[in-house]
Amino acid sequence: MLAPAAAAALNLLADAVRRGGADHDDIVQALKAAGVHEAFAGVFEAASERAMVSADDPYDFDVRRAFEWL
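The opening residue of the sequence shown carries number 2 in our numbering; numbering runs sequentially from there.
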C-alpha cells in the first residue's frame, strides 16, 4: 500500500524540520512551494469521494470511513 510510504515520508519531513533549525516562516514557505497542502487536500478529497461512492446512504457519511480504504 502507498499509505505506509506516505506516512514514512511525512515522518521524515517532520524529523528534518525538527532537526533543521530553520525559521518557521522559511519552513512554511518551503511546504507551500512544494505543494504539500495541495497533496493533503487531494488525499482527503479522494478518500471522501471513495467513501461517498461506497456509502449506502450518502447522508450517513462518517469521515472515519473515508480512510478505511487506506
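Do not take every clue at face value.
[Said to hold, decoys possible] Restricting the straight-line Cα-Cα distance to at most 25 Å, the calculated cross-link-like pairs of lysine to any residue (SDA-like) are:
| hint | residue 1 | residue 2 |
| --- | --- | --- |
| 1 | K33 | A9 |
| 2 | K33 | E46 |
| 3 | K33 | N12 |
| 4 | K33 | A47 |
| 5 | K33 | L13 |
If you're looking for bench data, these hints aren't it; they were derived computationally from the structure.
message = Taking the earlier hints as the rules, which of them does this structure contradict?
response = none
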